[in-house]
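> Sequence:
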Amino acid sequence: MTMNATDTGNPIIFVLEDEPDIARLICSSLAEYGFRCEHLRTGRDLLVRARSTTPDLCIVDLGLPDMDGMQVVRQLQEGTPCAVLILTGRNDVTDRVLGLELGADDYIVKPFEPRELVARVRSILRRYQRSAAAEAITERNIASFAGWIFDGNRHTLTAPDGREIGLSAAEAGLLATLLRRPNKILSREQLLGERDVDPFDRSIDVRISRLRRKLDDDPQNPRLIKTVYGAGYLFAAQVSWQ
Numbered sequence: 001m002t003m004n005a006t007d008t009g010n011p012i013i014f015v016l017e018d019e020p021d022i023a024r025l026i027c028s029s030l031a032e033y034g035f036r037c038e039h040l041r042t043g044r045d046l047l048v049r050a051r052s053t054t055p056d057l058c059i060v061d062l063g064l065p066d067m068d069g070m071q072v073v074r075q076l077q078e079g080t081p082c083a084v085l086i087l088t089g090r091n092d093v094t095d096r097v098l099g100l101e102l103g104a105d106d107y108i109v110k111p112f113e114p115r116e117l118v119a120r121v122r123s124i125l126r127r128y129q130r131s132a133a134a135e136a137i138t139e140r141n142i143a144s145f146a147g148w149i150f151d152g153n154r155h156t157l158t159a160p161d162g163r164e165i166g167l168s169a170a171e172a173g174l175l176a177t178l179l180r181r182p183n184k185i186l187s188r189e190q191l192l193g194e195r196d197v198d199p200f201d202r203s204i205d206v207r208i209s210r211l212r213r214k215l216d217d218d219p220q221n222p223r224l225i226k227t228v229y230g231a232g233y234l235f236a237a238q239v240s241w242q
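Residue numbers (the UniProt record's numbering): 1 to 242.
By construction, these hints were calculated from the structure, which means they are not laboratory data. It is possible that some hints are incorrect.
To be verified - Computed cross-link-like contacts, SDA-like style, restricted to lysine to any residue with a CA-CA straight-line distance of at most 20 Å:
{"#": "1", "residue 1": "110", "residue 2": "23"}
{"#": "2", "residue 1": "184", "residue 2": "110"}
{"#": "3", "residue 1": "214", "residue 2": "144"}
{"#": "4", "residue 1": "226", "residue 2": "147"}
{"#": "5", "residue 1": "110", "residue 2": "70"}
From a predicted model like this one, the values you see are computed outputs, not experimental measurements.
Take the sequences, apply the hints, and build the full model.
Below is the structure:
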């Protein structure tokens, strides 16, 4: 049986890092703020461990001895959806965009400032906690719109033709936020659940682009998720919840 780590106390974080010194720095920095950390050296070790205990968040290095970290992010989202922060020496924009598209919640490049790492971790977990609290307010977690069905419990979309499409935890959370406030402009801050957003943070734009593709929404002329330049995004459809 898979157990969520928050059921047993403070948030637990799996740290996937093959450099012992860096792993110790990450774990000691987070431990100061009450996080429980578990260090794993290979992607396979983490994936096996996540099947028995679901972490609150995984910190994933991309350069691993047994597999590419991007594969780990993909398999986590497919098998054990959880929050993911990529921490890597790769500073390529392509890697950053790919990581976010695969479902990572944030991306930090080494060398890193421990206090910034802690702040990013806390920010990600706050967003997930708010999302869980919002879902707990209502038992209606299945939404219908424009022939589509979104199942918030299973993180799936069912297309008008019956195809079932999986969503990462980050994508599902973003779509749920849009669906709960249809036909209203939502800023990046509202979509991220944060008061302050780095003006260069494009994680929301990447996820919006990915959602559009999954919804067959033409990015050049979207029908469902519309861009309101200088303001944010608007979900342009009637939504019913059950």
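> Is it true that the CA of residue 110 sits at most 20 Å from the CA of residue 23?
12 Å, holds
> Below or equal to 20 Å on CA atoms is what counts here, so check residue 184 against residue 110.
38 Å, violated
> Quickly compare the C-alpha distance for residue 226 and residue 147 to 20 Å and report which way the hint goes.
18 Å, holds
> Is the straight-line distance between the alpha-carbon of residue 214 and that of residue 144 20 Å or less?
15 Å, holds
> Given the hint that residue 110 pairs with residue 70, test it: the Cα-Cα distance must not exceed 20 Å.
It holds: about 16 Å lies between the C-alpha atoms, which stays within 20 Å.
Of the numbered hints given earlier, the model fails hint 2 alone.
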